[in-house]
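Chemist: Listed below, chain by chain, are the residues.
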Amino acid sequence: MSESTSKTQQITLAKGINLGLRRALEDNPKVLLMGEDIGKLGGVFRVTDGLQKDFGDSRVIDTPLAESGIVGTAVGLALSGYRPVVEIQFDGFVFPAFDQIVTQVAKMHARALGTVKMPIVIRMPFGGGIGAVEHHSESPEAYFAMTAGLRVVAASNPVDAYWMIQQAIASDDPVVFFEPKRRYWDKAELDTSADPYPLYASRVLREGTDATLVAYGPMVKTCLEAAAAAAEEGRSLEVIDLRTLSPLDLEPVYASVRKTGRLVTVHEASVFLGMGAEVAARVTEKCFYSLEAPVMRVGAPHTPYPPSRVEEEFLPDLDRVLDAVDRAFAF
Amino acid sequence: MVTSRKGAGGKTAAKKKAAAVPTAPDLVQLLTPEGDLIEHPEYSIDLTPEEYRGLYRDMVLVRRIDAEGTALQRQGELGLWAPLLGQEAAQVGSGRAQTAEDYAFPTYREHGVAWCRDVDPVNLLGMFRGVNNGGWDPNEKNFHLYTIVIGSQTLHATGYAMGMQRDGREAAVIAYFGDGASSQGDVNEAFVFASVNNAPVVFFCQNNQWAISEPNERQFRVPLYQRAAGFGFPGVRVDGNDVLACLAVTRAALERARSGNGPMLVEAFTYRMGAHTTSDDPTRYRDSDELEEWKAKDPIQRMRSFLEKNDYADEAFFKGVDDEADEVAADIRARCVSMPDPKPVSIFDHVYAEPHPLMDEERAEYGAYWESFEGAH
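Residue numbers (the numbering used here), protein chains in the order written: chain C, 1 to 331; chain D, 1001 to 1377.
The set of hints was computed from the structure by calculation and includes no laboratory data. Note that the coordinates shown come from a computational prediction; the quantities given were computed from them, not determined experimentally. Some clues are possibly wrong.
Derived DEER-like restraints, expressed as beta-carbon distance ranges [as the list claims (entries may be wrong)]:
1) Asn1261(D) to Leu65(C): 20 to 28 Å
2) Arg309(C) to Val1196(D): 34 to 42 Å
3) Gly50(C) to Glu1362(D): 37 to 45 Å
4) Tyr1285(D) to Leu65(C): 32 to 40 Å
5) Gly50(C) to Glu1354(D): 30 to 38 Å
6) Ala194(C) to Ile1148(D): 43 to 51 Å
7) Pro196(C) to Ser1183(D): 45 to 53 Å
8) Ser1183(D) to Leu65(C): 18 to 26 Å
9) Ser58(C) to Glu1292(D): 47 to 55 Å
10) Ser1279(D) to Phe95(C): 24 to 32 Å
11) Ser193(C) to Ser1183(D): 52 to 60 Å
12) Leu65(C) to Ser1044(D): 36 to 44 Å
Even for Gly, the Cβ is constructed at its ideal location relative to N, Cα and C.
Pulled out of the complex, with its shape left as it was, chain D reads as follows:
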């Protein structure tokens, strides 16, 4: 017997809602949202007051740099910006866990990690301004170029780690990616390659809950950190808004990798407070209640409460950091707006490392054509 299915599809689909990812994740936390230190059976942190203040300073500066990126986009100085707002603890905690010898492979949102790796923030603006596609020397600070194709860099990180392994270097690689990227074949292939090669790589996933407009339940049914078990290495979920926990867990994971014990997955459970990019409009797909809920877990306020409660910092310190943040932002702005456009013929310069006749031919042809216009570059 044939029954009409007209109209049933939508209802059925709505009823069959996927099992939600647990809302109270089993996560490593060392600093509560109220700014109190708590014990964890596996991970601990013991820093000097100066180091605690340093983490706070990093997060404030990074948030300020990020805000400047958004402002520069709004004013037409950048074509696009991918804000990290809300993810400062995940980036600064994991960033400060790295040594100079370690190597980081970022997505396009790791402005905070770049800061920790001592990369000049202006370098990050080139691609968003449209004057280059990255353009910095990755080997200068062991910080790879931003990768735009989702998840590709996790394989590069794994290959780099295989190189370190062959060279016997006492260092590790950290691969950044997001919750959306966890669906990519490349990320899962990276897990396989890292696992079977026992490669010294830490997979650091910032689960910011949203892959543009798609929530976690459109990407996975098993909490991400648990996926590592299927690939044969440990996975841990850390409070991504707790800079101390992010630092402690990433330190342990990197040390584990450096000592020859292979890869590890760290899922930093955090929240993208802003838009995916300046072209996005999150009001179309998420509730303001959710945003308010996460505001209460703000990574910077949490660290400030901790510093205040323990008398590790005074008003002069906080004001000093805010002033410094404004200075850094002003400096970046000045250097951003004075970035020159590239000369059109420069597009031929680095297509190939070795001489290539077609490059010479086309450089000459197009160059002459462009030069033929009055007021040409």
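The following block holds chain C by itself, in its conformation from the complex:
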């Protein structure tokens, strides 16, 4: 195949989002990017690299360093017909904007009885594992998922990153878009001519028969590695990438659990009131007679994210996942 007709390319997850944003900016003049350092610098993770140069500083806006201001002005821009894509530099810095997101972004459509829409995307790198200082490694997704009016998704790989960001921008509802920062440099083949997988759908990434692993964002890769390791030990694990946290798409999970009888949920956020709790409750309601063991939940202890020298122990890894699988089988 010649270079010119080839539509596949090797990209990183960060590049996937970059290309998705680029395509959205090209396709719709109403799309704007807003955030701190997203212009010349290209963002602290270079996700917006080169976009201000090509689309100008009135569409790729370096904002003042004020998160509530960024989201609050995005609300006004959305009301005036724009589709702002906001970058929050790090998960732990979203809280000054939390008020605007929860009281305004999430509720405006309902408050106006449907007469206005809030097509805002709030992008946020999340999760740990990069040896950072405090506030740079958090997993605040459940705060947003429990807020009615918001949609919440998490990409786990470069191909999804490319499509999901475009689908989120096309959504007429506000979307909080979580990017697994420690996977920004993972690579995959992207075929831009392929049909995208739907945004609000979970996806079986590896089929298995003995137990089901459910994860999203950075833990998807961990689960795939755990499944590969388990296979060597003769255990067949199915791996499902949730992809969407609100709405949840659990039909594939129910189908899987009816087949395997065992479920382990995995995320970096705390086990206590984490997304796994909702998944476990719903699976228990829907698949009660199929379960061979209680749903096992793998996640963080209920502590602040620790200093980075301890994060290796703090974060779920292959061993913790397989330990939970073992406990499910021992039951």
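On the provided structure of chain C, position chain D as indicated by the hints.
Modeler: Then chain D, alone, in the frame of chain C:
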């Protein structure tokens, strides 16, 4: 050496009273409390007698609508009402300064601005009655929904102005807020965003002296309008009980914004004659002397004196306006009490703009449960 601090705290705090905000503000006034026109070096007003009468009529009707809101609350038809009593000139003056293309972002007390924007007053009652949380289409009259969280809307206004700027529209945005809101981060962030973007937005602060029970000196030490200088745009204090000055200053500020000269802060120095809301009791925290002092500066009486002194209106006109006010109030009352309660399942209708499986699931579940009761909706 350690000295006991027991008992000293209260005394020290009392002695260290904050420097008071100047009591005789350097304010723009075009109409004295006695109803005489005066000159101002920067701002002027020249209206036809009909226009002057129009401003008077607006203020009387707005005060009557407001009184009806309070009455409806007292009679249990509204759960709450936020009266604008005393702030008619600030709202009508700034409201009539706007063109149809301009866009207003109100707090929850801008009933007078809503009137000027031709918003049906009944729309304002829905949230206070508890049948919706606003519910009108903001784009119909370019009048945004009432915002309850203090100061949030100033950022929305700034963002909207940034949108207008990008669209090249010849219009401006006006953001309403109060003296209490000036302490909010969002308001100060709005000043920053508007300034660095040169956004066409006018920040209109009705300084009614009281943030529920907290007076100005609990919010700021520098007069509010002076704060604008630190953000890089002009600020002006206007007599908020002078409808002509409010109109002239807001017109100039909006025109300035429309012509690409960026934001401006207008501080309308006024007084909340009533309670913060119908749930409040101002007798617990302020003197009746203060109220009496401000009564002498009443915005409506001032305009009436002006009309009378200049023979711009006769008794028949004043009586006509009063009669019209009663008719408007009666109409609002009738339509308020006949507002139906929403159907419980309607709470699922507009949470999301696009289909959402959890909404469908819960609508079905709760709907069936609620329907299972006899006499259900």
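Chemist: State for each hint whether it applies.
Modeler: Structure-based check of all given hints:
1. Asn1261(D) to Leu65(C): 20 to 28 Å: holds (25 Å)
2. Arg309(C) to Val1196(D): 34 to 42 Å: holds (40 Å)
3. Gly50(C) to Glu1362(D): 37 to 45 Å: holds (44 Å)
4. Tyr1285(D) to Leu65(C): 32 to 40 Å: holds (37 Å)
5. Gly50(C) to Glu1354(D): 30 to 38 Å: holds (31 Å)
6. Ala194(C) to Ile1148(D): 43 to 51 Å: Holds - the Cβ-Cβ distance for Ala194(C) and Ile1148(D), about 46 Å, lies within 43 to 51 Å.
7. Pro196(C) to Ser1183(D): 45 to 53 Å: holds (47 Å)
8. Ser1183(D) to Leu65(C): 18 to 26 Å: holds (20 Å)
9. Ser58(C) to Glu1292(D): 47 to 55 Å: Since Ser58(C) and Glu1292(D) have Cβ atoms about 53 Å apart, the given range 47 to 55 Å holds.
10. Ser1279(D) to Phe95(C): 24 to 32 Å: holds (30 Å)
11. Ser193(C) to Ser1183(D): 52 to 60 Å: This hint holds: roughly 54 Å between Cβ atoms.
12. Leu65(C) to Ser1044(D): 36 to 44 Å: Once the Cβ atoms are compared, 41 Å apart, the range 36 to 44 Å for Ser1044(D) and Leu65(C) holds.
Violated hints: none; the structure is consistent with every hint.
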